[in-house]
Every structure is written in structure tokens, then in C-alpha cells.
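The lines below spell out each chain.
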Amino acid sequence: GESVGLHLPTLSVQEGDNSIINCAYSNSASDYFIWYKQESGKGPQFIIDIRSNMDKRQGQRVTVLLNKTVKHLSLQIAATQPGDSAVYFCAETDNAGNMLTFGGGTRLMVKP
Amino acid sequence: EPEVTQTPSHQVTQMGQEVILRCVPISNHLYFYWYRQILGQKVEFLVSFYNNEISEKSEIFDDQFSVERPDGSNFTLKIRSTKLEDSAMYFCASRGDRASQHFGDGTRLSIL
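Protein sequences, first through last, are from chains A and B.
The first sequence begins at 1 in my numbering and counts up by one.
The second sequence begins at 1001 in my numbering and counts up by one.
Extracted from the complex, chain A is given alone in its bound form (with noise of 0.2 angstroms):
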């Protein structure tokens, strides 16, 4: 079936550096593809998103790049600090933004 999966469950990085968060996903339909940052006992928020008609797309701290050639989805964070500890989701949905498929999310560990 069509499915959103993350390659790596935890993802150890020392304060300071940059991190890659990695997403392959298997619909080609897809329009819409966000990244959430779940902290404990808190829902998905919110990061940044990016259409299938773009290859990149920057935010605050964090770039979103898509690779339709190989599905695949990442998220890289500048500067990595302590407060970005948290599970990352990727999720994809259509244009209409109806259900959104997550992945099954990547551990983010940042040491001081």
C-alpha cells in the first residue's frame, strides 16, 4: 500500500552541528509534504512544508529538500541545539490537504 516511512529510528548529534533527517515516501501523487516535531506529551507541530513542484525550501534554521526522482524527503537543521530534541515526522497529503500519512518518525538526540 502507499506509505511515508523514515529511514533512521534515532539520530544522535552533538550541539552545534547540523542534522539530516531523512523520509522516503511511495506515493507519487502526492502534493504536500510537511515536517512535524513532536516533543513529549505534545502533538505534532508544526515545521515546514513544501510542494511537489519545488526541489528546496528554506525556513528558519531548517531546509526542507524533496528528490521526486527517488522519493525521497529531508529535513536538515542548522546549528542543532538542545531544544531541538524531539521525534520528527514527515507526513504527505494531496492538493485538496485532505488525511495526512506520517511516517513512523526518527528520534532526534542532541548532546550538549
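The set of hints was computed from the structure by calculation and includes no laboratory data.
All values reported here derive from a predicted model rather than from experimental measurement.
Positions of the beta carbon are idealized from the N, C-alpha and C atoms, including for glycine.
Do not rely on the hints blindly, as some may be mistaken.
To be verified - Among chain A residues calculated to face chain B with C-beta under 7 angstroms, some are: (1) Ala24; (2) Ser30; (3) Gly43; (4) Phe46; (5) Ile48; (6) Asp49; (7) Ile50; (8) Thr93; (9) Phe102; (10) Gly104.
As the list claims (entries may be wrong) - Across the chosen pairs, the derived CB separations fall in these ranges: (11) Gln1014(B) / Arg61(A): 43 to 49 angstroms; (12) Pro112(A) / Ser1058(B): 39 to 45 angstroms; (13) Gly1072(B) / Asp17(A): 45 to 51 angstroms; (14) Arg1080(B) / Met109(A): 38 to 44 angstroms; (15) Asp1062(B) / Ala79(A): 32 to 38 angstroms; (16) Glu1018(B) / Asn18(A): 48 to 54 angstroms; (17) Pro9(A) / Ser1058(B): 22 to 28 angstroms; (18) Asp1097(B) / Thr69(A): 46 to 52 angstroms.
Starting from the structure of chain A, add chain B where the hints point.
Then chain B, alone, in the frame of chain A:
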């Protein structure tokens, strides 16, 4: 920044009882969603709601589930006769014109 709010934060219920989970979406949003997350698993779509009717639902959303927008601000999820396997975090989400959905911090539902 506007946010989605959910009540209660934790609900404990006996198996077979009815529960109602409540959500106040962001005020100018028109699309509403319920998701659930079983402990340690990915977030799963339940139902989407627009213009006072269900627009999409998953296989999880069976006859025991219902949603309602009883007034201009609340959006509720009712489980008519709870089962042990209904124990999970339930997240409400809403969106405006963009496809990105914004989530509340969830209700932890524990069925005894």
C-alpha cells in the same frame, strides 16, 4: 500564535462506556481532523470534516465513532462504546487555505 486546544488532557474510562473528546480549532480554519497515536506507533488518520460533514474517513473510524461540530467553535469526537484497543492519544487538527494542518496537544484516552 493561534492554536488548537483539546480537552481533557487525560480521560480514563471503563470499557463499554461512551467518551467525548473535545477540540477548539483555530478560529478561521474550516477543515477539521481527528488522528490517533497508539503508544510507540505512528500517527494515524481517523476522519476529516468540512462544511458540516465528513469528507474522508479511515477504516479505524467505524460505527462506534462519530464527529460533530455542535457550535461555531467546538469539534468533538465521540466513541460510543469504548474498547481496550481504543486506548491512545487522540489529536485534533485544523487547517485554513494551506494544506498544512495544525495540531492540538492531544487527549490521552485510557480504557480500563
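Verdict for Pro112(A), Ser1058(B) (Cβ pair) under range 39 to 45 angstroms | holds, 41 angstroms
Is the shortest C-beta separation between Ile48(A) and chain B less than 7 angstroms?
-> violated, 9 angstroms
Supplied distance hint 46 to 52 angstroms, evaluated on CB atoms of Asp1097(B) and Thr69(A) | This hint is violated: roughly 29 angstroms between Cβ atoms.
Is the gap between the beta carbons of Gln1014(B) and Arg61(A) within 43 to 49 angstroms?
-> holds, 47 angstroms
Satisfaction of the Gly104(A) interface hint, Cβ to chain B closer than 7 angstroms | This hint holds: Gly104(A) lies near chain B, its Cβ roughly 5 angstroms from the closest one there, short of 7 angstroms.
Determine whether the Cβ-Cβ distance between Asp1062(B) and Ala79(A) falls within the hinted range of 32 to 38 angstroms.
-> Cβ of Asp1062(B) to Cβ of Ala79(A): about 47 angstroms, so the range 32 to 38 angstroms is violated.
Range hint 22 to 28 angstroms: satisfied by the CB atoms of Pro9(A) and Ser1058(B)?
-> At 24 angstroms between Cβs, range holds.
Status of the Gly43(A) interface restraint (C-beta, 7 angstroms, chain B) | Since chain B brings a Cβ to about 4 angstroms from Gly43(A), closer than 7 angstroms, the hint holds.
Do the beta carbons of Glu1018(B) and Asn18(A) sit within 48 to 54 angstroms of each other?
-> For Asn18(A) against Glu1018(B), whose Cβ atoms are near 49 angstroms apart, the range 48 to 54 angstroms holds.
How does the Cβ-Cβ distance of Gly1072(B) and Asp17(A) compare with 45 to 51 angstroms: does it lie in that range?
-> Holds, since Gly1072(B) and Asp17(A) (Cβ atoms, about 47 angstroms apart) stay within the stated range.
For the pair Arg1080(B) and Met109(A), does the Cβ-Cβ distance stay inside 38 to 44 angstroms?
-> holds, 41 angstroms
Classify the hint on Ile50(A) as holds or violated, based on whether any CB of chain B lies nearer than 7 angstroms to its CB.
-> violated, 10 angstroms
The structure shown violates the earlier hints numbered 1, 2, 5, 7, 15 and 18.
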